[in-house]
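Participant: Chains as they are written, first to last, in the numbering used here: chain A, 1 to 232; chain B, 1001 to 1232.
For the record, the hints were derived by calculation from the structure and aren't laboratory data. What you are looking at is a predicted structure, and each value in this text was computed from that prediction instead of being measured. All C-beta atoms, glycine included, are put in the ideal place defined by N, C-alpha and C. Hints may be right or wrong, so weigh each one.
[Stated by the list, open to error] Far from chain A, by Cβ distances over 12 Å, these chain B residues were calculated:
hint, residue
1, V1022
2, H1041
3, D1042
4, I1045
5, R1056
6, A1115
7, V1130
8, K1148
9, P1168
10, L1172
11, G1173
12, G1185
13, D1196
14, D1198
15, T1199
[Stated by the list, open to error] Covered stretches of chain A, going by a simulated chain B footprint (3 or more residues, C-beta under 8 Å):
hint, stretch
16, 103-114
17, 135-141
18, 144-157
Listed below are the residues making up each chain.
2 protein chains.
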Amino acid sequence: MGKERAVVLLSGGLDSATVLAVALAGGFDVLAITFSYGQRHDVEIECARRLAHKGRVLEHVIVDIPSEIFSGSALTGIDLKDVPKHGAVPGGPGIPVTYVPARNILFLSYALAFAESRMADTVFIGAHSVDYSGYPDCRGEFFEAFEKMAALGTKCGVEGRPIRVQTPLLNLGKHEIIQLGAELGVDYSITHSCYDPDTEGRACGECDSCRIRKKGFEAAGIPDPTKYGKVP
Amino acid sequence: MGKERAVVLLSGGLDSATVLAVALAGGFDVLAITFSYGQRHDVEIECARRLAHKGRVLEHVIVDIPSEIFSGSALTGIDLKDVPKHGAVPGGPGIPVTYVPARNILFLSYALAFAESRMADTVFIGAHSVDYSGYPDCRGEFFEAFEKMAALGTKCGVEGRPIRVQTPLLNLGKHEIIQLGAELGVDYSITHSCYDPDTEGRACGECDSCRIRKKGFEAAGIPDPTKYGKVP
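Turn these sequences into a full structure, and let the hints guide you.
Facilitator: Here is the structure:
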């Protein structure tokens, strides 16, 4: 009998690279799914491809999501490209301005369909609620509700093999995620976090995402392999 | 103040055309979303476009779903194009062979993201559990669980304006759906049900879906406006 299969949500960022390593270390045969949409830079998709290749995943699908789903409507005037480079750092009350409507719900639903069609029992997602505490779709109670809904709405759930949603990073800070990944041998040089990379895909070193990443490596006591475009 | 907005899942079939009419009759400003994937015939998408145009919806998005999400993998060997033309009729135990992994979950998640980004409070879906009783994702308890999950995982839910999922056809038989639509003035000549249309998009009149549709019109006592390719 073969190993258990899992679908990993792989963005190409630091968190999902770590989750991929967790799934592989857990003995799963891994399939990966990556989403391309308004907010994503090509360099991040390319990182996802390289991570999937390096992790020898069984299958990697890249799904385009039309930009008008999340935004870009004349009705709302929201444009994902206008997402602020600063302001996503925690500490303030409420939901961060970088919230994207129902994003994790849509991503998990794709992963669920992909998992069920491939007879995978588990979906891994790199959500965490420590550094960014305000996202409704990064909370444990949301993931529990998603699992319940999925158990009721799928054939495998009705037949007694509901798909589990695993969130191994949920209660970890960025430095703990990096420490975990380093122990598992993640090559963070092929991950991308920057909101505003230069034309060669190098990180700016200054946006919120870069700053959280840098601080994470510092706090973890691990050298930061990121190629920054400017000398920081 | 404007009217309330709703997103209608519009396949181009008889059921979703009826639901569109219900939403319009309910006074909503309607946005429509249609999915194109392996199993869909172009003629059905074209029906969706015509229904949306006729219903003067505010916005209509057509979303491509990669065929490998639901099937078509070398790992499983399932191909949606091989879905049987017969065998979907109710009466047998268990889940119909025409079940597609997590399809309604994915469709509703897209509708949810679209609704939240457009400040719509309601999603309409034409699911019903009378004629096809075995689908897990066409049951009331599933829709309730989806609403709960969505309330926890979206900004609007957390802020106290959770999106409702309306299923006005849930407990209706096909003939009741047709009677309802006829009362609301639905033009069923621009809806499509056939699994196996000819090259001009005309219905075969013989597949399960055609037969259920025909029987529905008969039982409703309403002339069937469907253009059949062969003389039935």
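Participant: Quick check: which numbered hints come out false for this structure?
Facilitator: 6 and 8
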